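Residue numbers (the working numbering), protein chains in the order written: chain A, 1 to 327; chain B, 1001 to 1726; chain C, 2001 to 2302.
What the hints contain is simulated information worked out from the structure, not anything from laboratory work.
Owing to the predicted nature of the structure, the values given are computational and were not obtained by experimental measurement.
Backbone N, C-alpha and C fix where the C-beta goes; we use that ideal spot for every residue, glycine too.
What you were told as hints is all true, and nothing was included just to trick you.
In silico EDC-like pairs for lysine to aspartate or glutamate, Cα to Cα no more than 20 Å straight-line: (1) B:K1233 to B:E1666; (2) A:K272 to C:D2257; (3) A:K125 to A:D219; (4) A:K272 to A:E174; (5) C:K2178 to A:D314; (6) C:K2065 to C:D2248; (7) B:K1233 to B:D1249; (8) A:K125 to C:D2292; (9) B:K1233 to B:D1207; (10) A:K125 to B:E1116.
Footprint (simulated), chain B over chain A, 3 or more residues, beta carbon under 8 Å: (11) 231-239; (12) 244-252.
Now for the letters of each chain:
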Amino acid sequence: MAGFLARRLLNYLVLIVVATSLAYMLAASALDPRSNYEGRNPPIPPAVVDARLTDLNLNDRTPLFERYLTWAGALAHGDFGRTVAGGSVGDDLGRRIGVTLRLITVGLLVGSVTGVLVGAYAAVKQYGAFDRLSTALSFVVLAVPTVVLANILIIAAVRFNEAVGAQILLVSGEATPGLQGGFAAAGIDRIQHLLLPTLSLSLGLAAVYSRYQRNMMLDVLGADFIRTAMAKGLSRRAALTRHALRTALIPAVTYFAFTFGALLVGTTFTEKIFGWHGVGEQLVDSISTNDINTVAAISCFAALAVLLAALASDVLHAVLDPRVRVG
Amino acid sequence: MTSERTADARSRNGRTGGHGSGAAPLPLRAGSDPVPADPVLEVRDLDITFGRGPGAVRAVRGMGYAVRPGEVLGIVGESGSGKSVTSLAVMGLLPPHAHVTGSVRLRGQEILGAPERTLTAFRGRTVSMVFQDPLSALTPVYRVGDQIAEAVRVHQRIGAAQAARRAVELLDLVGIPNAAQRARAFPHEFSGGMRQRAVIAMAIANDPDVILCDEPTTALDVTIQAQVLEVLKTAQRETGAAIVIITHDLGVVAGFADRVLVMYAGRPVEVGSVDEVYYRTRMPYTMGLLGSIPRLDRGREQPLVPIEGSPPSPAALPPGCPFEPRCPIAVPACAESEPEPVRVGSPGHLAACVRSGEIEAEGWSPAQIYGMRAVASTADTAVRGERPRPRGERDLVLAVDGLVKHYPLTKGTLLRRRVGTVRAVDGVSFDIREGETLGLVGESGCGKTTTLMEILELAAPQGGGITVLGHDTARMSARDRMAVRRDMQVVFQDPLASLDPRMTVHDILAEPLRAHGGREVGPRVRELLGMVGLEAGHAARYPQDFSGGQRQRIGIARALALEPRLVVLDEPVSALDVSIQAGVLNLLEELRTRLGLSYLLVAHDLAVVRHIADRVAVMYLGRIAEIGQADRVYDAPMHPYTRALLSAVPLPDPVMERSRRRILLEGDLPSPADPPSGCRFRTRCPLFRSLDEAVRRRCVEEEPQVRRLGDDHGVSCHFAERLGAE
Amino acid sequence: MTIAEEELTEQRASVDRIKAPSRLRVVMGRLLRSGRGRTGSVLLALIFLLAFAGPYLTRWTYTAKDFTAFLAPPSTEHWWGTLQTGADVYAVTLRGTRRSLVVGLLAAVVGTALAAVVGAFAGYFGSWTDRSLTWVTDLLLVLPAFLILAIMSPLFAGGQWPMFVLVLALFLWMVTSKIVRSMTISLREREFIQAARFMGVPPTRIIFRHIIPNMSSLLVVDATLNVSAAILTETSLSYFGFGIQPPDVSLGSLIADGAQTALYAPWTFWFCAGLLIVTVLAVNLVGDSLRDAFDPTARRSG
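So that you can see chain A by itself, here it is in the shape it has in the complex (with noise of 0.2 Å):
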């Protein structure tokens, strides 16, 4: 059992660093932190540019698979070497996770848990009025990405705003900089700034789920088991709520894994948009600035995240059944 565990864990420590030396590697031949040096003026001696890109192991010049070994030795001691800036990459993206980590969080709770319940509701009242209606629905927000629902969101917020005449939703950060006032004062401002960015993540979340969940139960329905429970004389509702649905849940559960991927994307686009200084701006920042650093070790975090999914959803799993709990 636990050689089983062992086995499983040394494969997914394989996955991630296969994976963060692959993102290493192609980063590293197509970004140009070079170009980031031209065009200033006055112009940088090419002396000076190359020593500061040896210097942060960044020189094009240097054979690919050096750099590699320089920059894989350095890992090796927990250190992800320095941003194009200068910056230490590790504290850069220490900051940020927290950033990232809260938004993914409630996007994540918010998002599933609507989803399950809305689907759950939708497949005892098939064909009825919910049902269509929420059908209908989540086929329009699945066909609304990210980046335009998040654009839509802000015409909308600030339309909002000047409806009201006041700064209601707020969408840009996650804090107002240099805010006056107490604690409850902060708290307002900070939910303010976060009920867009959550919109934005969880619609699209709630949509798959309530789709999936949706199905599921229909799967459930069907089941002998409903029929037992309803010929011992429970009700249809009791049937339902007690059999049916803590049954279909075990399949959702598992689909998490699935969905972490596409949630990380997600993530990234909202904060990107609406100016939430995570690890996902960071991200598109760092494509952007040749930070070749920086890209790898959000390889590395997005591999350890997806991996970190896939087994959280296994111990959920196994939790939830009994049919997969270790007897």
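Assemble the complex: chain A is given as a structure, and chains B and C must be docked to it using the hints.
Showing chains B and C alone in chain A's frame:
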């Protein structure tokens, strides 16, 4: 797993009879009243239609019956006859797109169209139900005890602790050993038989007046079936409820029911007391059913009379009698209008046939009505009679010697680990000589399918040896293997699953020919279709366009395409209805005689095996219990397991059923991952229990090998002689 | 051809004529009977018509700039208005739609084909084939696709969009491949596959003649839904400037530009955003009703 075994062990020491000593008495009611009571359940003019408009399917038409307290009514019919739908209508559990008319009265109260609240009050309390598939009837995520306690608490105002105690009592009543502990188990930790017991416990939790059992034993092995039927009898004794048992098995009905109702195409076609219907049959369909079942107590001499054709689609019923197209004694009047059930003979016996009067007056027997074909099949038997050479002189087609197949047992998905070794096949030997049929029988988990797959793989076995047509699989080159594949073919159980749904029949039959380098496949395909009784024009259709029996014929044709010498038959008729099964069995017989084939037949239905096998091998837990000439094994079984197995098979003969002594085996099959030491059967063996302590040690310590007890008859039991003397 | 065979061919042909309509026709019939399927198909047909025939209706090309009208609202001259650069919104939007459709369709087909082959081989052969293919699948799942695509974006400049399609497809197949693999494992145990195996049919032939055709419904549905996934990925990448490179345009780059001016020049944002939403919606509707059409027993459509 460990707890299950200790539970079994304890129950063996502590228990004597059908149910546990610790059970609190259920409120007893008079089992049988002297005066006929009012019916508890009365169904009249029940019509059930699915969908609307031209595509509507009339599943049930004019169904009616009544059951009185303590009475057992058997409803018999083939798949699609509407028998299960009727019981769902009684429970009010039909899906919303079903339109139901007529009347269903429970204790005099109409429940068709009653509001949900009335229905929930009735369900589980007045009428309860046992479903067919015990695997899916319990919610997988809740403990068994909790699910039974829930059933109790729906109708009784008692506390959780009290309900839990009651659940344990009920589990004990239905014969679950160590009930208090097993109540905490999840459904997947129960075997099929135990789950069905749990479902029965749930059904009797509120002391109902009627228990509807929908194919309650179809998914179970025959020895477990005998146990479950016994539990149902106990349940009936304890509650005094009426039972409606729905089944396709005429044997189960013969021994269990008081009255029987035969359904065909959604209608009752014959009703009456069991003896009346079985011995004085007045409807040709019922006669056909009774004539087409192979019987355990008769060998090959019994001619099987198949009913030609297949049941009509409920979406396109003929205007007249629905059985008319298949009826051997149909007259023009039959096609005009559908006959109503009329009284024939003694009171309560009704039959829906315009010629039932004639049948009654002339006293026609099934054999007379289906006479023509019966004669034809006896002629076949006569041809086969000239079997010239004795067994020893014929070529060895297949030899299996000490075959072993173990595979690892793992547990858990998150923390997968190996928890043991499943000893699926553990030293099995048998052989087949040219022109003979060996039947490999046993219950699920005995290793018969694993044995068959090992043979078909043609790979080197883990232990022992397999020699097919003179080639040892362990020393086979790729070319040899290909050659042997040509000479050994297989027919699978489920005809639909074994034919690729995306290919036409032509392509299906051509595939083996092309795989072995055939070019001109057209004529051969036509020939094959003719050989199995299909038309050449069928070649362009897809498997889905055929009925079950026809599909199995296609499967057989494919197996014969390369003119094999050995055909492996894996449960070839178990997916078919009885009336169709007979035709396929006759075809297999005929082809064997004509083409000089050898068959290895794997089946769980002992009657089918008796009908076509020359020799039989009975398997138990990965070993052979008894092997030998079929008549010897069936008529004078020497192994206690074979005896129990044969006694558990119900016969379609009410008088014989009532007089038979059934050897009930206790408990379930032990896990093949941890078989008992010594003799594997000793934990359930009635003979073992009757031995004294000193003698028993041999069973515990020494694993019995197959011993020859006579000419071509071997038994793996240390004390087989004692059984014979008994 | 022998006479008997000729006869048979004849017979087959005649039976073919009277036999039930082909599977394709049945599925299409069901698709068009469902309201959702009909809406989706009609919408999709209109979008294709607009994207491929629409540009011929106007004299403006997507590269042309009208220096007399910057950020002009819709008029008879510029039906959907103009951008800040003076480009005609109608012309550039249709050009972008065409690009998105082509990229989406190709990437989906390539991705699904890859998924089918990898999944079927992994599932059918098991052991080390399975382990190594599954490992590669896992690796690609773990790699952040968006990031890799973004890094490689310079390679797609200068009309190298087919390269973009290939890389996009490379990140579309993993989940489907896992489904195909587990379906293959269960199909492998099915009796008709075993029958073929025991008859001596070689493994690759079994995969291509039995296994993949028997998953065609899943694959068709998946390919359809992959079209929308590919379009969404493409537009998102292009939004951040990592996808289709200028001077070519895509809906994503148009939306990115339009979002800047959306508040005071709504036509720059809503036409391209709306067309994108309708396209994806139509593809999803078709995909979802195709699933129902292939499997009429699962009564899921609402």
